[in-house]
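Colleague: Okay, here's what each chain looks like letter by letter:
2 protein chains.
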Amino acid sequence: MKLKTPPGLDEKRLLAALRAFAGVVGEEWVLSSDQDRDTYLDAYGFSHLDAHIPAAAVAPRSVEEVQALVRLANEHKTPLWPISRGKNLGYGGGAPVQNGSVVLDLGRMNRILEVNEKYGYCVVEPGVGFFDIFDHFQKNRIPYWLSIPANAWGSVIGNALDRGIGYTPYGDHTTRICGMEVVLPQGELVRTGMGAMSGSQGWQHYPFGFGPAWDQMFVQSNFGVVTQMGLWLMPEPEATLSATVQLSRRDDIRWAIDALAKLRLHNVLENNMVFGSYLHEAAVLSQREEWYQGKGAIPDEVSERIIEHYGLGWWKFRLNLFGHEEVIRAKERIVRAAIEPDLGQPLDFRLWRRGDPIEGSGAGVPGTLPLQIVNWRGGRGGHIGFSPVMPPDGQLALEAFRRNKARYEEFGLDYYTSFTVGPRHINNVNLVIYDRDDREMTGNARRLIEALIADAHKLGYGEYRSHLMFMDRIAQGYDFNDGSLWRLNETLKDALDPNGVIAPGKSGIWPAVYRKPSA
Amino acid sequence: MKLKTPPGLDEKRLLAALRAFAGVVGEEWVLSSDQDRDTYLDAYGFSHLDAHIPAAAVAPRSVEEVQALVRLANEHKTPLWPISRGKNLGYGGGAPVQNGSVVLDLGRMNRILEVNEKYGYCVVEPGVGFFDIFDHFQKNRIPYWLSIPANAWGSVIGNALDRGIGYTPYGDHTTRICGMEVVLPQGELVRTGMGAMSGSQGWQHYPFGFGPAWDQMFVQSNFGVVTQMGLWLMPEPEATLSATVQLSRRDDIRWAIDALAKLRLHNVLENNMVFGSYLHEAAVLSQREEWYQGKGAIPDEVSERIIEHYGLGWWKFRLNLFGHEEVIRAKERIVRAAIEPDLGQPLDFRLWRRGDPIEGSGAGVPGTLPLQIVNWRGGRGGHIGFSPVMPPDGQLALEAFRRNKARYEEFGLDYYTSFTVGPRHINNVNLVIYDRDDREMTGNARRLIEALIADAHKLGYGEYRSHLMFMDRIAQGYDFNDGSLWRLNETLKDALDPNGVIAPGKSGIWPAVYRKPSA
Chain A
1 MKLKTPPGLD EKRLLAALRA FAGVVGEEWV LSSDQDRDTY LDAYGFSHLD AHIPAAAVAP
61 RSVEEVQALV RLANEHKTPL WPISRGKNLG YGGGAPVQNG SVVLDLGRMN RILEVNEKYG
121 YCVVEPGVGF FDIFDHFQKN RIPYWLSIPA NAWGSVIGNA LDRGIGYTPY GDHTTRICGM
181 EVVLPQGELV RTGMGAMSGS QGWQHYPFGF GPAWDQMFVQ SNFGVVTQMG LWLMPEPEAT
241 LSATVQLSRR DDIRWAIDAL AKLRLHNVLE NNMVFGSYLH EAAVLSQREE WYQGKGAIPD
301 EVSERIIEHY GLGWWKFRLN LFGHEEVIRA KERIVRAAIE PDLGQPLDFR LWRRGDPIEG
361 SGAGVPGTLP LQIVNWRGGR GGHIGFSPVM PPDGQLALEA FRRNKARYEE FGLDYYTSFT
421 VGPRHINNVN LVIYDRDDRE MTGNARRLIE ALIADAHKLG YGEYRSHLMF MDRIAQGYDF
481 NDGSLWRLNE TLKDALDPNG VIAPGKSGIW PAVYRKPSA
Chain B
1001 MKLKTPPGLD EKRLLAALRA FAGVVGEEWV LSSDQDRDTY LDAYGFSHLD AHIPAAAVAP
1061 RSVEEVQALV RLANEHKTPL WPISRGKNLG YGGGAPVQNG SVVLDLGRMN RILEVNEKYG
1121 YCVVEPGVGF FDIFDHFQKN RIPYWLSIPA NAWGSVIGNA LDRGIGYTPY GDHTTRICGM
1181 EVVLPQGELV RTGMGAMSGS QGWQHYPFGF GPAWDQMFVQ SNFGVVTQMG LWLMPEPEAT
1241 LSATVQLSRR DDIRWAIDAL AKLRLHNVLE NNMVFGSYLH EAAVLSQREE WYQGKGAIPD
1301 EVSERIIEHY GLGWWKFRLN LFGHEEVIRA KERIVRAAIE PDLGQPLDFR LWRRGDPIEG
1361 SGAGVPGTLP LQIVNWRGGR GGHIGFSPVM PPDGQLALEA FRRNKARYEE FGLDYYTSFT
1421 VGPRHINNVN LVIYDRDDRE MTGNARRLIE ALIADAHKLG YGEYRSHLMF MDRIAQGYDF
1481 NDGSLWRLNE TLKDALDPNG VIAPGKSGIW PAVYRKPSA
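So the sequences go chain by chain: A and B. According to my numbering, the first sequence holds residues 1 to 519 in order. According to my numbering, the second sequence holds residues 1001 to 1519 in order.
Treat the hints as calculated values from the structure; they're not laboratory data. Nothing here was measured: the structure is a model prediction, and the numbers come from that model. Fair warning: there could be bad hints in the mix.
Stated by the list, open to error - Stretches of chain B that chain A covers, calculated by requiring three or more beta carbons in the stretch to come under 8 Å of a beta carbon on chain A:
#1 1117 to 1123
#2 1189 to 1201
#3 1206 to 1217
#4 1262 to 1269
#5 1329 to 1340
#6 1507 to 1515
Unchecked claim - Pairs of lysine-lysine, DSS-like flavour, derived with a Cα cap of 25 Å:
#7 B:Lys1118 to A:Lys262
#8 A:Lys405 to A:Lys316
#9 A:Lys118 to B:Lys1262
#10 B:Lys1118 to A:Lys458
Stated by the list, open to error - Simulated restraints on C-beta separations:
#11 A:Gly199 to B:Glu1290: 40 to 50 Å
#12 A:Gly199 to B:Lys1002: 39 to 49 Å
#13 A:Pro357 to B:Gly1367: 44 to 54 Å
#14 A:Gly26 to B:Arg1487: 25 to 35 Å
#15 A:Ala512 to B:Gly1367: 44 to 54 Å
#16 A:Val284 to B:Arg1515: 55 to 65 Å
Idealized CB from N, CA, C, for every residue including glycine.
Just chain A, same shape as in the assembly (with noise of 0.2 Å):
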């Protein structure tokens, strides 16, 4: 494969900037041949197009390296893009926005700094993935949790830096940040909150410091590189209660995502609700073909069909309560009052007490089964997820449920949705899933997209992420006062990044130097 370079940089310069790159972290750690090169592509990308390639990649070991390499780019005007473990596939995986990035893997940094089992912090480094911190805690008997996400071999502090999400109190994982260290895009090295004082003993302590607060300024962005994050950790709770609900009728979308909330709203809830649709189960177990071989969206009917083989609801959620066994049983019986009206049969409650096997917990258990998903249309598969942010009311979710379903057969795709209830809104987060090398099949994708991103808009409601491919569009309708937002967030990358070595293009916030005249 031909090397791709960035916007103004030829490849004679561009090897250059990786021989010095050599000089920092080694020859072996400059990672450069095709084959290293198809490590870091966008996995489920579509495969005939021609972007987000990145030109090599670059794995430092220590802060100091990183430091390093970031100085070096800058001298060398070559863009980097940071990852820590690059697993999210759904939203591009390890590559970059701009082609010719040269990827800042930061897998190598994988040390769990500190775990403070007195005051219920970590701190840990990029290539920290969940199952590194879950191994360690059950290993170490830590009487505390981290939130644990669907696909668990990602990073945790690429999870809390993208605004991923777990299920359990502590599960909006970015809310739980305290205390950052980040190397700037000249290399200058800060720590946020209390972290800026030297000797500080408040680090993971208060997550604000004195003065204004930076570490969502490095949330979703390309203002710097986080070496070093704390997380506050949930205790372990005396015991948890749970259980699951399938709900036959599409239309039970309206009551249940009113009930949900409005416990939510109240705290009775208090960790995030997926509420899915019957496919995330049923393309982890099957494969489409097996229930259906024509074209077009999978039919009702045809859903119908799965849905009573494998005894699933339309829907399915799960209701977690977590804490002091006589506090769950408090809140259960409110639990019940609220749900079991409308659902016309009780609630299954399964009781799990501190000792008994994890699984049962509620805590999430490291897996990354839901990624089977991808088979579900055949050939090498792929997703891509488009996640509007909704008030979180039933009838505006029995709504989307239906403009956006009907979007999908419009495309000829299978609707694949989930609901799920924070404090105040709902992530609406839908994949489309797709044979990477069907091209036909890939255009539908991403017009549906489009589509989707369109009809949100016009209902006011933007996403809270995105794939490398859709970031620009959805930048662009974040359109209050003509997009004064993104020009402030151009405002101060281009005070950071003069530049523009870091990231450029991450949530359609271009460098001065790659923005387009039209920006």
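For this one, chain A is given, so just place chain B on it according to the hints.
Modeller: Just chain B now, with coordinates in the frame of chain A:
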């Protein structure tokens, strides 16, 4: 009083700026008489100091007027000092850091723009006080609470922007911000988070938006003028259980802080608790001279006499449980088990049910009675705060108590402290009460605060908030990597505010035009 002008601006040019401002807001809202200026002085400031003196004030009534004023300030190179209501007297009231700044008084922008009873949020302008919200909610029977701080005449927005604290589970007000409208230092209008989409239906639902999130950039800082804010409201609970605890022995702080911190970590107690010394009440109920006429800090035996007279403990704290009655009854048993063995007597919990008089609810009821403490020393009283952040540990709190009390005594001032227990930290708020016209006493107050800052720095404790007078000193304490976080602050300040017109010196952040050569 002679007109103060800021560096680089003579009286003639300042007056020209004020005339231009009058063209925006009308003559009557440019407040530049001696009496007007007095209104904005630091009410508790040391009377002999020639610092923090505004040139005038200007009071817009709309965001368009704020934008126009900010643009004129750039044109005329005139520093503005935005205040919401300017009522936090212990940190400087409405006075600016920099002499000759023009106070931008947002008190006329006092609309409650929205109260959403379905989703539990409000949107307010800066002039809305806690009194206003409380009255509005009571009058309209709105079943939500905004946690009310000790002195309630201040601004709701101002409190959240200074990281002020209330005492319900929503009392960390800065963490309940969801979306802002901000005039940037050159007059551009932005909306943060989901509000950056025109017609957004998610602005107050989800705090982050897409890409980096900026709400905390505008907190304790000088990067813009906040003209609207969304805040999440706490649903009125079904019931609360409250118990007041008095502890007679000073060393009780050790076990009590440990117990409270553990209950807070495990989320049994969901609100920040003030653990305060006897003087909180004694200084409201009496004046020092009633007990002691000598010089120097009040002796321990006199303290004991006061404590005995009023039937207080050396320490006092209040336990509050909020929620469904059966849930908080279950929590009550857990709290009793954690506290009563060391306390040596049963806790006296009082039940409040929805519909009972609000005073017993733990919601907080607006008042200004605690302001009474400034009369403790006689004369024209004042107080100033020293507020380091510490880990929530009983032994460390005991050591802080002993260390700081000794420092107060060294400077002849009466020790007044509280340890507010948060989720992973303590805000150790220490007040120094003085007669502001007693030059010896205020000199000692200043030296005491400086000594306390230095002591804390040695231990790695940074302050979370500060009076105007100590902002530079405290910022200097954030010295990791030679103060790299403040260099970041300055870089961003210069990018957004090249003329340095918004609140120069706030939180130790100076724009280039004012920066001292040493910085």
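Colleague: Each of the hints needs a verdict: does it hold here or not?
Modeller: Hints versus structure:
no.: 1; hint: 1117 to 1123; in the structure: holds (count 4)
no.: 2; hint: 1189 to 1201; in the structure: holds (count 12)
no.: 3; hint: 1206 to 1217; in the structure: holds (count 11)
no.: 4; hint: 1262 to 1269; in the structure: holds (count 4)
no.: 5; hint: 1329 to 1340; in the structure: holds (count 5)
no.: 6; hint: 1507 to 1515; in the structure: holds (count 3)
no.: 7; hint: B:Lys1118 to A:Lys262; in the structure: 9 Å, holds
no.: 8; hint: A:Lys405 to A:Lys316; in the structure: 17 Å, holds
no.: 9; hint: A:Lys118 to B:Lys1262; in the structure: 9 Å, holds
no.: 10; hint: B:Lys1118 to A:Lys458; in the structure: 23 Å, holds
no.: 11; hint: A:Gly199 to B:Glu1290: 40 to 50 Å; in the structure: 43 Å, holds
no.: 12; hint: A:Gly199 to B:Lys1002: 39 to 49 Å; in the structure: 44 Å, holds
no.: 13; hint: A:Pro357 to B:Gly1367: 44 to 54 Å; in the structure: 53 Å, holds
no.: 14; hint: A:Gly26 to B:Arg1487: 25 to 35 Å; in the structure: 31 Å, holds
no.: 15; hint: A:Ala512 to B:Gly1367: 44 to 54 Å; in the structure: 53 Å, holds
no.: 16; hint: A:Val284 to B:Arg1515: 55 to 65 Å; in the structure: 59 Å, holds
The structure meets every hint from the earlier list without exception.
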